[in-house]
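Undergrad: Positions 1 to 327 (the UniProt record's numbering) are the ones given, in order, by the sequence shown.
Hints may be right or wrong, so weigh each one.
Mimicking SDA-like on lysine to any residue, the simulated pairs with C-alpha atoms at most 20 angstroms apart in a straight line are [said to hold, decoys possible]:
| hint | residue 1 | residue 2 |
| --- | --- | --- |
| 1 | K236 | E247 |
| 2 | K43 | P125 |
| 3 | K132 | K297 |
| 4 | K132 | D167 |
| 5 | K272 | E247 |
| 6 | K265 | H320 |
| 7 | K132 | H83 |
| 8 | K28 | N6 |
| 9 | K72 | N62 |
| 10 | K272 | K303 |
| 11 | K204 | S264 |
| 12 | K100 | H90 |
| 13 | K132 | T7 |
| 14 | K43 | D151 |
| 15 | K303 | T275 |
| 16 | K265 | L137 |
| 17 | K100 | D167 |
Label-pair distances were calculated between CB atoms; the ranges are [stated by the list, open to error]:
| hint | residue 1 | residue 2 | range |
| --- | --- | --- | --- |
| 18 | T275 | H90 | 27 to 33 angstroms |
| 19 | R224 | G56 | 56 to 62 angstroms |
| 20 | K132 | S2 | 52 to 58 angstroms |
| 21 | G56 | W237 | 47 to 53 angstroms |
| 22 | K204 | P125 | 37 to 43 angstroms |
| 23 | I5 | D319 | 51 to 57 angstroms |
| 24 | N95 | F10 | 36 to 42 angstroms |
| 25 | T47 | G160 | 17 to 23 angstroms |
| 26 | T275 | V25 | 42 to 48 angstroms |
| 27 | K204 | G160 | 36 to 42 angstroms |
Think of the hints as simulated: they come from the structure by calculation, not from any bench.
Idealized CB from N, CA, C, for every residue including glycine.
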Amino acid sequence: MSFLINTAKFILYFYFFLYAVFHFVIYKYPNVAPYLIFQNTVKWPFTNLSHPIHYGLENVHNFYFQTNDGLKIGVWHYLPDGHSYDYTKHSSRSNTEHLKTFLSKSKKNPVLIYVHGNDRDRSTPFRIELCKNLVNLGFHVFALDYRGYGDSAGYPTEMGVVSDVLDLYKLILTHHADGRVYLYGHSLGTAIVCHASKLISNMKSRLDGVILEAPLLNASRASRDYHVSLAFNNNKWIQQKVDEALESQNIHFRSDMHITEINSKILIMHAKDDTFVPYSHGEELYNLAKKSKRDVKLVSFEKDLSLGHFLQSHLPIYDHIKEMIKK
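I would like the entire structure built from these sequences, with the hints used as guidance.
TA: Spelled out as structure tokens, the structure:
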């Protein structure tokens, strides 16, 4: 009995310790807010992203492009069936030569730009699995590490990561002007995709569809609903300080606003047992888009499927994507 009492005391004291630390850090150092959202500080050792073949990817080309503000961004281009890619022969080609050879001549294959969530990089196994499955649908898949991730330069900011996606989109469009282009975001990547898609719509540029997997409503709600933050959810002071910290760093990710201005088709996929970004985020985004008369579809997955935050292994999601690109 004493063991249970001591354990309960320890948990209670530890909670109040975390509570006090969280108060102090957010109040004293609002510039930690980007770490809460981007979580890009941990770099996995022994990764060599310049050689996809080291990850068993024989039909994937690594390249780098320069953003408008001069940063080098790393990308993997997954080539669909019918393209004979020789790593030894083709890996050293310039971007223009590569895209002219493998993209300009295959307009029938749509392009999909994959924007991952926070933490790690484009070599993460579940991201590779998703991209390989998307390639099987006939896509040219471009998986980028936006600034601050993988071997890409710089430090992430909201406008910075959004502009990275836009710069890649524009580069692809120069070689795929008459082809179909889609954006796919997962988790934090959905917020980046929503913002970029809104800007593309405002430019009246071509975008055939937007796919949002486990999307978040906005940065403020995401910071409150994240499972680690739930212990502090009843404290309005902490909520206010987190919001102020995000505001001071210009981190908003207002997908709830951006989605109402996207002119292309939107597919939202969300599992009801997602503990990272609750299902309510995806449902609210759907309702906002529907109210704004957007062309939007919500695909929900029940809790008994135990999919959580990652849907890439659930094959039925690809049927919904196929249905979207056939329309």
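Undergrad: Now tell me if each hint is right for this structure.
TA: Quick rundown of the hints versus the structure:
no.	hint	result
1	K236 with E247	holds (16 angstroms)
2	K43 with P125	holds (15 angstroms)
3	K132 with K297	violated (24 angstroms)
4	K132 with D167	violated (23 angstroms)
5	K272 with E247	violated (29 angstroms)
6	K265 with H320	holds (13 angstroms)
7	K132 with H83	holds (14 angstroms)
8	K28 with N6	violated (33 angstroms)
9	K72 with N62	holds (13 angstroms)
10	K272 with K303	holds (5 angstroms)
11	K204 with S264	holds (10 angstroms)
12	K100 with H90	holds (12 angstroms)
13	K132 with T7	violated (47 angstroms)
14	K43 with D151	holds (9 angstroms)
15	K303 with T275	holds (11 angstroms)
16	K265 with L137	holds (18 angstroms)
17	K100 with D167	holds (17 angstroms)
18	T275 with H90: 27 to 33 angstroms	violated (42 angstroms)
19	R224 with G56: 56 to 62 angstroms	violated (40 angstroms)
20	K132 with S2: 52 to 58 angstroms	holds (54 angstroms)
21	G56 with W237: 47 to 53 angstroms	holds (50 angstroms)
22	K204 with P125: 37 to 43 angstroms	holds (38 angstroms)
23	I5 with D319: 51 to 57 angstroms	holds (54 angstroms)
24	N95 with F10: 36 to 42 angstroms	violated (56 angstroms)
25	T47 with G160: 17 to 23 angstroms	holds (22 angstroms)
26	T275 with V25: 42 to 48 angstroms	violated (24 angstroms)
27	K204 with G160: 36 to 42 angstroms	violated (24 angstroms)
Of the numbered hints given earlier, the model fails hints 3, 4, 5, 8, 13, 18, 19, 24, 26, 27; all others are met.
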